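**Student:** In case you want the letters, here they are:
There are 2 protein chains.
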Amino acid sequence: MEDEFSVALRQTAQLMERELDAFLPQSTNPEWPLHDAMRYAGLSGGKRLRAFLVIQCADLFDVAREYSIRVAAALEIMHTYSLVHDDLPCMDDDDLRRGVPTVHKKYDETLAVLAGDALQTLAFEILADPKTHPSASVRSELVLKLAQAAGGHGMVGGQTMDVYANADTISVPVMSRLQQLKTGALIAYACEAGAILGHAAPAQITSLRAYAHDLGLAFQITDDILDVEGESSEMGKATRKDVDAGKATFVSLQGLEKAKIHANMLSEQASSHLSIFKGNANLLRGAASFTVQRKK
Amino acid sequence: MEDEFSVALRQTAQLMERELDAFLPQSTNPEWPLHDAMRYAGLSGGKRLRAFLVIQCADLFDVAREYSIRVAAALEIMHTYSLVHDDLPCMDDDDLRRGVPTVHKKYDETLAVLAGDALQTLAFEILADPKTHPSASVRSELVLKLAQAAGGHGMVGGQTMDVYANADTISVPVMSRLQQLKTGALIAYACEAGAILGHAAPAQITSLRAYAHDLGLAFQITDDILDVEGESSEMGKATRKDVDAGKATFVSLQGLEKAKIHANMLSEQASSHLSIFKGNANLLRGAASFTVQRKK
Chain A
1 MEDEFSVALR
11 QTAQLMEREL
21 DAFLPQSTNP
31 EWPLHDAMRY
41 AGLSGGKRLR
51 AFLVIQCADL
61 FDVAREYSIR
71 VAAALEIMHT
81 YSLVHDDLPC
91 MDDDDLRRGV
101 PTVHKKYDET
111 LAVLAGDALQ
121 TLAFEILADP
131 KTHPSASVRS
141 ELVLKLAQAA
151 GGHGMVGGQT
161 MDVYANADTI
171 SVPVMSRLQQ
181 LKTGALIAYA
191 CEAGAILGHA
201 APAQITSLRA
211 YAHDLGLAFQ
221 ITDDILDVEG
231 ESSEMGKATR
241 KDVDAGKATF
251 VSLQGLEKAK
261 IHANMLSEQA
271 SSHLSIFKGN
281 ANLLRGAASF
291 TVQRKK
Chain B
1 MEDEFSVALR
11 QTAQLMEREL
21 DAFLPQSTNP
31 EWPLHDAMRY
41 AGLSGGKRLR
51 AFLVIQCADL
61 FDVAREYSIR
71 VAAALEIMHT
81 YSLVHDDLPC
91 MDDDDLRRGV
101 PTVHKKYDET
111 LAVLAGDALQ
121 TLAFEILADP
131 KTHPSASVRS
141 ELVLKLAQAA
151 GGHGMVGGQT
161 MDVYANADTI
171 SVPVMSRLQQ
181 LKTGALIAYA
191 CEAGAILGHA
201 APAQITSLRA
211 YAHDLGLAFQ
221 ITDDILDVEG
231 ESSEMGKATR
241 KDVDAGKATF
251 VSLQGLEKAK
261 IHANMLSEQA
271 SSHLSIFKGN
281 ANLLRGAASF
291 TVQRKK
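Note that the protein sequences, when read in sequence, are chains A and B. Residue numbers for the first sequence follow the working numbering, so the first one is 1 and each next one is one higher. Residue numbers for the second sequence follow the working numbering, so the first one is 1 and each next one is one higher.
Just chain A, same shape as in the assembly:
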């Protein structure tokens, strides 16, 4: 039987599929290949954990779902752009993503670059749209924080570190910072966006930030563990890629057992930051457990 968290995550994923279908452009104009590639990238499934976090964190403050769902969609679109570009031949050179060919394999490199570019733009377009929140100051802050999380001092900075990291000299603290930027920043934004929508008090924001920080790192360590232990058929992408490429990961730096202990510790620590929300944050606690228990 599915637990409460798994049901909620699955419902979010279904909801996002419908929402993204409405947000992603469709046309018969001469630029349709772009719109086609954007839709292909955006609608090829995914756990939608980031969307889940936005909606659940906003729920803590009784934010109307019509607002949090739009922010969740914008964040999933931002995340999708980063995957499309990360998969490019000049980046991680991946052929498979979520069980289907990556965008540059399905179309070509040109469309993968352009679709990624336009997906990033679309994320900001959704956030700045008055439909996303009646308060312009909320919209403006949602844009500002997403830009800070995604840009050269956030996600793209982390991706750069990842590409240029020297596997022989990298340490656990450096790897932690790399992952905080590369994957942690958008996960933290997911939680912060809920707080922005909900006009959260400073202590609440601090708690959600701490939760997101630990969750993000636990998520990445688990990704590294799954790269070693996961089955390609279940993961929907190539496994043992990092190992085979001699790339530094938490597993290569800490060993498999220590990495698992580290991830579990972070997952428990993440949940403990939610104490001020009492029973209202149970689904977020479920997300923390899921993060380290998932098989893909």
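Source of the hints: derived by calculation from the structure; they are not laboratory data. Keep in mind the model is a prediction, meaning the values are calculated, not measured. Please note: incorrect hints may appear among the correct ones.
Identical copies carry no separate label here, and so any pair may be met within one copy or between two of them.
Mimicking SDA-like on lysine to any residue, the simulated pairs with C-alpha atoms at most 20 Å apart in a straight line are [unchecked claim]:
| id | residue 1 | residue 2 |
| --- | --- | --- |
| 1 | Lys247 | Pro30 |
| 2 | Lys247 | Glu2 |
| 3 | Lys106 | Tyr164 |
| 4 | Lys106 | Pro89 |
| 5 | Lys106 | Val163 |
| 6 | Lys241 | Val100 |
| 7 | Lys131 | Glu66 |
With chain A's structure known, arrange chain B on it following the hints.
**Tutor:** For chain B alone, kept in the frame of chain A given last:
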């Protein structure tokens, strides 16, 4: 002797160099290659016509320069991202830009993709920053309109058309739409941003939009003319590229003489839209003349 417009454009270019130097990141962190590539792309000169248009249009409404300069910088950063990605091997495959190696030649493709990505993000970050305007609703609208101009229904849509256009079947109207998206949308945004900052009246916005529309098209036709007539040494990039690639341009579609007449007609028409601003818009009229008279 330089005319009033040329002096003002040169001053804007100098100003932008200083502003962009402050906006573009610099670090000794492990992600420094990204910041280095972003600075290289952003500080390699350029006419800065888009920045000029933002500042001059905002000046029509007595907007404080501290605001319009930031919006101008954000737009130049957005434009820079598009050039970096357009130059990529999978796009136009250009080795030279503004007389120096393109980003993927100076660094590599990976950094060119990532630097372009982070530059786009930075443009939105600047616009959403409270320093850019005290009114959140102005900031939010600046973000929304830039996203609309730059995304899949704007600049990136036009770039896609350009890549996939069939030179044998394309017509002047289709080419006009392509260029309106590819280069026209950001030029129109430059003028509209000035109007947003200045809380312009609807009739004033209509006039500036019409001006920008004609100016953008005149600009592009002139680019096509310069691709045929310009000197590579003066242009700072390869010429006759479109011709040699058998690519459709306004010159290939209309012939050189007709293209020149078309551009001049649009330039005069652009100026005529400014009549409601009387003598205050003389520098914008200068921009319209410059657009078709420039040698690079």
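**Student:** If you test the structure against every hint from before, which numbers come out violated?
**Tutor:** 2
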